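Peer 1: Listed below, chain by chain, are the residues.
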Amino acid sequence: MTAALDPIRAARVPLTGAKLVIGVIALVILAGIAGGVGFLVVSGALDGHWYDLRDLGIPIAHLRGWLDEQNKAQPAQLHDLLGDHWISYLTTALIGAIGILSFVGGVLLVLIWVERRLIGRIQVRRGPNRVGPYGLLQPVADAIKLIQKEVLIPNGADRFLFFLPPILVFIPGLLVWGPVPWAPNMNYLDLNVGVLYLIAISSLATIAIFIAGWSSNNHYALLGAMRTVAMMISYEIPLSMALVAVVLMTGSMQLSQIVQWQADHNVWLGALMPLALFTFFFSSTAELNRTPNDIAEAESEIVAGFRTEYFGMKFGLFYAVELGNAVAVGAFVTAFFLGGWSLFGLEQWIPPYLIFAVKVSSVYFVLVWLRGTLPRFRLDQLMAFAWKYLIPINLANTVLVAIEVTAFNHSSLPGVVSLGAIGVVNLVFTVWVARRWARFLGYRPETEHVLHPSLQTQVGGLRAAERLRASS
Amino acid sequence: MTTASEPYVLNIGPQHPSTHGVFRLRVVMDGERIQDIDMVVGYLHRSMEKLAEERTYTQNIPFTDRTDYLAAMSNNLGYCLAVERLADVEVPERASYLRVIFAELQRLASHSMANGTFINDAGAWQTPLMYMFREREKILDLFEMTCGARLTTNYMRIGGVAFDPPPEFYPAIESLIDEMPTRIAEYTELLVDNEILIARARGIGVLTAAEAINGSITGPMLRASGVPWDLRKAEPYCAYDQFDFEIPVGHTGDCYDRFMVRLEEMRQSVRIIRQALDGLPSGPHKTEIPLALRPAPGEAYARVEGPRGELGFYVVSDGGPAPARFHIRAPSLINLSLLRQMAVGAALPDAIVTLGSTDIVVGEIDR
Amino acid sequence: MAALLEAGVPGSVVTSTDEWVEVRPERLVDALRWLHDDPEMDAAQLSNMCGVDRYDHFEVVYHLQSLDQNHQIVVKARLHDHEAASVPSSYPVYTGALLQEREVYDLMGIRFEGHPDLRRMFLWEGYPGFPLRKDFLQISADHHPGLPHFPFETGKQER
Numbered sequence: 001m002t003a004a005l006d007p008i009r010a011a012r013v014p015l016t017g018a019k020l021v022i023g024v025i026a027l028v029i030l031a032g033i034a035g036g037v038g039f040l041v042v043s044g045a046l047d048g049h050w051y052d053l054r055d056l057g058i059p060i061a062h063l064r065g066w067l068d069e070q071n072k073a074q075p076a077q078l079h080d081l082l083g084d085h086w087i088s089y090l091t092t093a094l095i096g097a098i099g100i101l102s103f104v105g106g107v108l109l110v111l112i113w114v115e116r117r118l119i120g121r122i123q124v125r126r127g128p129n130r131v132g133p134y135g136l137l138q139p140v141a142d143a144i145k146l147i148q149k150e151v152l153i154p155n156g157a158d159r160f161l162f163f164l165p166p167i168l169v170f171i172p173g174l175l176v177w178g179p180v181p182w183a184p185n186m187n188y189l190d191l192n193v194g195v196l197y198l199i200a201i202s203s204l205a206t207i208a209i210f211i212a213g214w215s216s217n218n219h220y221a222l223l224g225a226m227r228t229v230a231m232m233i234s235y236e237i238p239l240s241m242a243l244v245a246v247v248l249m250t251g252s253m254q255l256s257q258i259v260q261w262q263a264d265h266n267v268w269l270g271a272l273m274p275l276a277l278f279t280f281f282f283s284s285t286a287e288l289n290r291t292p293n294d295i296a297e298a299e300s301e302i303v304a305g306f307r308t309e310y311f312g313m314k315f316g317l318f319y320a321v322e323l324g325n326a327v328a329v330g331a332f333v334t335a336f337f338l339g340g341w342s343l344f345g346l347e348q349w350i351p352p353y354l355i356f357a358v359k360v361s362s363v364y365f366v367l368v369w370l371r372g373t374l375p376r377f378r379l380d381q382l383m384a385f386a387w388k389y390l391i392p393i394n395l396a397n398t399v400l401v402a403i404e405v406t407a408f409n410h411s412s413l414p415g416v417v418s419l420g421a422i423g424v425v426n427l428v429f430t431v432w433v434a435r436r437w438a439r440f441l442g443y444r445p446e447t448e449h450v451l452h453p454s455l456q457t458q459v460g461g462l463r464a465a466e467r468l469r470a471s472s
Numbered sequence: 001m002t003t004a005s006e007p008y009v010l011n012i013g014p015q016h017p018s019t020h021g022v023f024r025l026r027v028v029m030d031g032e033r034i035q036d037i038d039m040v041v042g043y044l045h046r047s048m049e050k051l052a053e054e055r056t057y058t059q060n061i062p063f064t065d066r067t068d069y070l071a072a073m074s075n076n077l078g079y080c081l082a083v084e085r086l087a088d089v090e091v092p093e094r095a096s097y098l099r100v101i102f103a104e105l106q107r108l109a110s111h112s113m114a115n116g117t118f119i120n121d122a123g124a125w126q127t128p129l130m131y132m133f134r135e136r137e138k139i140l141d142l143f144e145m146t147c148g149a150r151l152t153t154n155y156m157r158i159g160g161v162a163f164d165p166p167p168e169f170y171p172a173i174e175s176l177i178d179e180m181p182t183r184i185a186e187y188t189e190l191l192v193d194n195e196i197l198i199a200r201a202r203g204i205g206v207l208t209a210a211e212a213i214n215g216s217i218t219g220p221m222l223r224a225s226g227v228p229w230d231l232r233k234a235e236p237y238c239a240y241d242q243f244d245f246e247i248p249v250g251h252t253g254d255c256y257d258r259f260m261v262r263l264e265e266m267r268q269s270v271r272i273i274r275q276a277l278d279g280l281p282s283g284p285h286k287t288e289i290p291l292a293l294r295p296a297p298g299e300a301y302a303r304v305e306g307p308r309g310e311l312g313f314y315v316v317s318d319g320g321p322a323p324a325r326f327h328i329r330a331p332s333l334i335n336l337s338l339l340r341q342m343a344v345g346a347a348l349p350d351a352i353v354t355l356g357s358t359d360i361v362v363g364e365i366d367r
Numbered sequence: 001m002a003a004l005l006e007a008g009v010p011g012s013v014v015t016s017t018d019e020w021v022e023v024r025p026e027r028l029v030d031a032l033r034w035l036h037d038d039p040e041m042d043a044a045q046l047s048n049m050c051g052v053d054r055y056d057h058f059e060v061v062y063h064l065q066s067l068d069q070n071h072q073i074v075v076k077a078r079l080h081d082h083e084a085a086s087v088p089s090s091y092p093v094y095t096g097a098l099l100q101e102r103e104v105y106d107l108m109g110i111r112f113e114g115h116p117d118l119r120r121m122f123l124w125e126g127y128p129g130f131p132l133r134k135d136f137l138q139i140s141a142d143h144h145p146g147l148p149h150f151p152f153e154t155g156k157q158e159r
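Residue numbers (the numbering used here), protein chains in the order written: chain A, 1 to 472; chain B, 1 to 367; chain C, 1 to 159.
Only chain A is shown next, with the shape it has when bound in the complex (with noise of 0.2 Å):
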């Protein structure tokens, strides 16, 4: 295109006089803001006090502390019936569960809008752009379309297993962001087995995907459920040796307890255990779905799998909670292999929430790059990849992790050296052990066997090719 005609070129308005000054204005405001808040945060003056936003458990819990002495002015009947907090626990849970509807609904709202633009920004291409400023009513338009269509059931489908999955693909998109540690004190769901209940949670997708594509009478769905189902269960296995990995390395299955771990330590468990962040990662776009390993809804082969019959606003929800898992899969990512919301001490400056989303946002966006970038690997190719690769070495870094934990509590070096040579043995072992494992397996790089066309001039037929392929 030529300059004249260049819409981008042609948008970008020259920044001089008034917005210039206004700018500049702006600029000094900030500044000033921030100066006050760093010089609040030096001084301590809002350490521990309910006005301190840094940590929005901290707000909540002088709240718990308001209404525990508002409980205590109960009538006795009822003070023996509920107990001491029963007030404090009731109000907290509820805001607790609305904010996270809030913040998820939020969130599957945007993602619609972040997914397709950057994208499109991948296939050098804008993306939605026509539906409000830069297309960001564009989920709104979607769900608003997706409301309206009729409301078809395939003949034959049986009409309740048909309705159930996009409620039951729902639930577990809710509830495994309940243990995500979003500060120090902000923890909604802080249970003692937090990684348990997230393996648990996780894995009732997979049945939701099945009763999918078996209620829908249509063999591309069927075998896309099929595909799904071999898929997500064998990718169960490396996810949760990867998490086993980081329990024993922190000695806590809590996750609150994990992210202090990297807090206290001042490392990111994925620099110490860069297996396990690759099996985790790795086996998370297989959960999920997501290329490079979508073989389940392979759009090219099989339509959309077992959301072919479904439409409307079913679709949409399975859509809307795909996404969702991604950036859930990016919160676990983040609390447990990069640090969580402890960035090497700058969380009493910058709220430590801030920095929990922007890791998060920035997992997501490698999962979006590698979904625009990479084609999908067939299913035997998956399988194999999961059950003779990943597992028997997952297997050996966990005995590996085993011993350098046991060597670690027990060692009397300073923390940061018996770190790093944790963090040196599990490299080499990451890199030495995995590609002697796969050459083992019968993986040879077939870069080294790529043979290039060959240039010919002169033509021929059967005898011209069988002499080429002789002297090749």
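By construction, these hints were calculated from the structure, which means they are not laboratory data.
Since the structure is predicted, the reported quantities are computational estimates derived from the model, not experimental observations.
Check each hint, because a few of them may be wrong.
[To be verified] Capping the alpha-carbon separation at 25 Å, the derived lysine to any residue pairs in SDA-like fashion look like this:
(1) C:134 - B:36
(2) B:50 - C:137
(3) A:388 - A:443
(4) B:233 - A:451
(5) B:233 - A:454
(6) A:314 - A:37
Assemble the complex: chain A is given as a structure, and chains B and C must be docked to it using the hints.
Peer 2: Only chains B and C this time, still in chain A's reference frame:
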């Protein structure tokens, strides 16, 4: 205890995101393995060959656009060559060079689309396709500049080409040819060593040279199987014998080789266009022929090396203004002869990738 | 070339010009096989096959290509029976004839004996008639479809 499984029939198409048009495959599958595959075509049958018998030779040129709508210039060229051979019409040299330039531009556009959709079938969500479409857009802009249409160009005439390219054509094509090598290098770097693509396409849909020759396969599929056969070198038409280029020949005949052969052909096309542009002679761009050309009774079979294979036109004249028989040898249809052999026993994703590497256009299959 | 073919497959050649060779329909497959196997003719590939309706007879035209010798051989077979036009299938010699013979059967109505799967391809089973025949729309042989001359042709004689 043994478990028995029943084979079931999966119907792929005619509406399907990857069948490259309205093309239907009935696949009998046992789990994920294909037991039998049956093609149902005819959804786009427009009876072109019958309609052509009632129109003059020049009026049939738009028909040829619409058979292989992704390689309209090559179709036009083949038909015009056939009629020129039938009616003994001389083509001026400038017209020959222009024909070569446009046919090679069309090959670039068609191979961009073919390779992009092939990788789309292998799973990358249209990203390589979008990248290759950047150049295709510029090529289609060039077509629009010259003859007014992007896709169904209707540009070649019996005796030459329809229009002389306008003055703004030459700087545009120069800039395109200058940047094409870097673009093709970009695609090569991103795609050729991609592990996933190699895992998906290597060893899939293998055709040996003997099978391919006997099965009447032509074009990049034949060259990927190791047979060095290209009509531009074997029976040079239209000034191809004055250009210096090479034909890429693959080694194993699998989908990956076909992809590589098409990529390499794009590079050779750039070479040819550069040479043709440099040596473009001046002169008339077509010979004047009567509006209703009445060739002497006889027949002619002319073929060109289209992007999909040997595109042949068999024209029979009985002395009237309309052809007595107009037959298009469609490479897409004939390249599908061996689909069954390639696909049976493979898994479904492999069959889809094989179909993608065959590079079919349904307009050509059904005519 | 016709002499060589007659020598190789006796009783096959009917006529020949320097463009094509016409063979008897019964000896068609033998002739093709001989052309395929003969090292000098080396018709390795069936480039094109189509049927032509010449009002009083059908013609099946085979364009054979030799890739190593880089020449083309044109073989024709003439069929006079309109009701039950049939020719032996060349699928045993060239597997590429699979779809081309189905197309000729579908559009022209010429049966190929020995074809493994002779079905109509573009049109459905039960379609009345064969479209590419000249009498498909009940237009008789001496009346060509369309105008005798076109309106833009001035001063032309009638055909």
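Peer 1: What hint numbers does the structure not satisfy?
Peer 2: 1 and 6
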